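**Q** First to last, the protein sequences are chains A and B.
The first sequence: position 93 = 155 (this note's numbering), numbered continuously.
The second sequence: position 130 = 216 (this note's numbering), numbered continuously.
Worth flagging that the hints you see were computed from the coordinates, not collected in a lab.
Below 30 Å or equal to it, Euclidean Cα-Cα: the simulated DSBU-like pairs (lysine-lysine) are:
hint, chain 1, residue 1, chain 2, residue 2
1, B, K300, B, K382
2, B, K300, B, K219
3, A, K226, B, K445
4, A, K195, B, K219
5, A, K226, B, K219
6, B, K445, B, K219
7, B, K300, B, K445
8, A, K221, B, K300
9, B, K382, B, K445
10, B, K445, B, K376
11, A, K226, A, K195
12, B, K348, B, K337
13, B, K348, B, K187
14, B, K445, A, K195
15, B, K113, B, K337
16, B, K350, B, K113
17, B, K268, B, K107
18, B, K187, B, K268
19, A, K195, B, K300
20, A, K221, B, K445
21, B, K337, B, K107
22, B, K350, B, K337
23, A, K226, B, K300
24, A, K221, B, K219
Quick partial rundown of chain A residues pointing at chain B, CB under 8 Å, derived from the structure:
hint, residue
25, T174
26, C176
27, A218
28, D303
29, T313
30, M331
Chain A stretches covered by chain B per the calculated footprint, using a threshold of three residues with CB under 8 Å from any CB of chain B:
hint, stretch
31, 177 to 189
32, 194 to 207
33, 304 to 312
34, 318 to 325
Since the model is a prediction, treat every value here as computed from it, not as a measurement.
Every residue, glycine too, gets a C-beta built ideally from N, C-alpha and C.
In case you want the letters, here they are:
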Amino acid sequence: MEFNRRSLFKLAGVAGGTALLPDKAEAATHDAGGDDAILIDLSRCVGCRTCEEACAEAHGLPDPDWSDDFSYESARPTTETQWTAVNRYETSKGEVFVKRQCMHCLEPACSTACLTRALYKTEEGPVVWREPKCMGCRFCMISCPFDMPKFEFESAVPKIQKCKMCVERLAEGQLPACVENCPNEALSFGTRSEMLRLAHERIIQSPDDYVDHIYGEHEAGGTSVLYISPVPFEELGFRTDLDAEAYPELTRDFLTAVPLVLVAWPAMMLALRQAGEREEVLAGEPVPELAREEA
Amino acid sequence: MTTRSDAILERPAGGLLPFLKRELRPKGPVLTPFNVITAALMLGAAAILTYRFIFGLATVTNLSQEFPWGLWKGFNVMTGVAFAGGAYVLVFMVYILRLEKYHAIVRVTVLNGFLAYVFYAGALLLDLGRPWKVINPIIGNDFGLTSVLFLVAWHFMLYMVAQLLEFSPAVAEWLGWRRIHKVLTGLTIGTVILGVTLSTLHQSALGALFMMAKPKIHPLWYSEFIPVLFFISSIFAGLSLVIFEGSITFKVFQHRVGEDLKRKHDDILVGLARVAGGAMFVYLFVELIKIVHGQKWVYMHGGWAAWYALEIVGCVALPMVLLITGSRRRDLTMIRTGAAITLVGVVLNRLNIAIIAFKWYAPVHYVPTWMEFIVAGAVISAELWVFRWVINRMPVLGPKPDWADEAEPAAVGEDGAAPVAAGS
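Based on the sequences and whatever the hints tell you, model everything.
**A** Next up, the structure:
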């Protein structure tokens, strides 16, 4: 089934662009897989924001804004200079802290939307941005259901910025900076199936401490960042109205129709034009100039 | 019969370069209110854009992480391209359905469409964060084949070429290039078929761009029918623009209008109004299916429902009645009013999907800065300047030079009008 869908995409894309393009779509087939994953256990997060600091340090970003210190007066979204942010929520079970960052979807809407494949799901799992390809159209931002790609609106040479799951550190066999530095083991790193197993184990072992829901197992077709939580995710500002189907599916039908239109429309129009000509000839009228204009 | 316009159509005297130099000079008074206002807009935009390219988009726009697309994409690109839809609808009617009546306005409509694409798709460059990379999807710095925007990029480019070819015989006539004219005329049908196909796809693709933004667009606007609705609305948006703008062009450039078009103009408007009205009926029907099929009745309360009703009832249903009634009674005022309201409705629809009903839940909503409005206005101004320049020089509204008709067999109208006169 996977194979069929991608072949259709490929066909649609090639025909949609131009039938003469060489088939360079092979690499696009990486967009589903993804093995590396992070599990975030919100019952363990104490809101120390060490992950924010470690992230900034690992990527040479400015130190996170500590002005409201640990008071968490206002919800802070991730920004182009802060790729992960911890916020506090008052819930039915007291305060819960939530670390947010790119969800690294299994089939990302951002990379599907990207017309130069600047945003790209690596085989290993992280979704990364590749500077030389990006033209700054920001279609990824329109498409991402989690609003994670951030754009440097203040720059003349803007970049798309977001968490990249420390893809360089992973290549060197290290853990992502946030995972490595979490003092309370709220973050775990491993293969996605390991992380899912771990999450299920924790929920089964202490059913009173968790809601029976792994956020990211099915949301948006599944993500490489997974959450378990002591309270329902609605209380924590998570979007719980997202499709269980991957977002790229929403444009699949349209792209499938493209080659059909490309073939059918010209044929139908030629036939229509011919039909008109024939009628006039049969009626014994002179062929109008138009017909000869093309000759 | 030699008119002023015929004289211009002679083979350029004294060589091509002096001729071009002569033609570049403005014709008519320079200090008109229109010129002053549009020039001010363009100068203002030049300053704003200089600033924008040095210091980034945030300095002149209200774009944000929450609202990455604003007026330039939502209005200039989305709406501009819908308005340019008249070109593909008309060439379809004339060259495919052979509705000869409309032949007289094909050139001006194609010119309009071509310029709209050049300037409104061109406006994309102002909005792109890294416009020097715009060539990437074309040269294959990785083809994003799964991207709807990839299709749009290619189609914009190919369609601009197709439209240029459709219009090119007029350029050849202006320059007196007879042999090239013959070749270009021979390409017309091919480019028409290519152009209509490309238009069908990218007009709907502009809607499909928003398919993945499902969780962000108000359910009264989001549906799987967006691509279909975009396509159908581009038909009546384009035709309404032809009616509305055609009426103005007809008055402003009266001295350039040929006898043939003068005779048929009212008839053409009446016919177009009927076609536009029909397309609007289909559109309303699909809207109804969208509401019923998507079980969207539950959202029919409160401010957003009223806003939706204003768009659908006020700016589609009402002008549809005006256009159809107007064409029955041959009431041009009613037709023009209907066309104008339709245009407002299409602007509303595109802005609703791209900006207004986009993230309707956001506590702080995007509102364009005055500078964004100036640039948007300047893009339109620049297009009108080029449009006027071409109309005043090339045989667009009026008769072709005699030699251009030599290639066309059979009788030609005695005023040297377009060959349509003979066919009809």
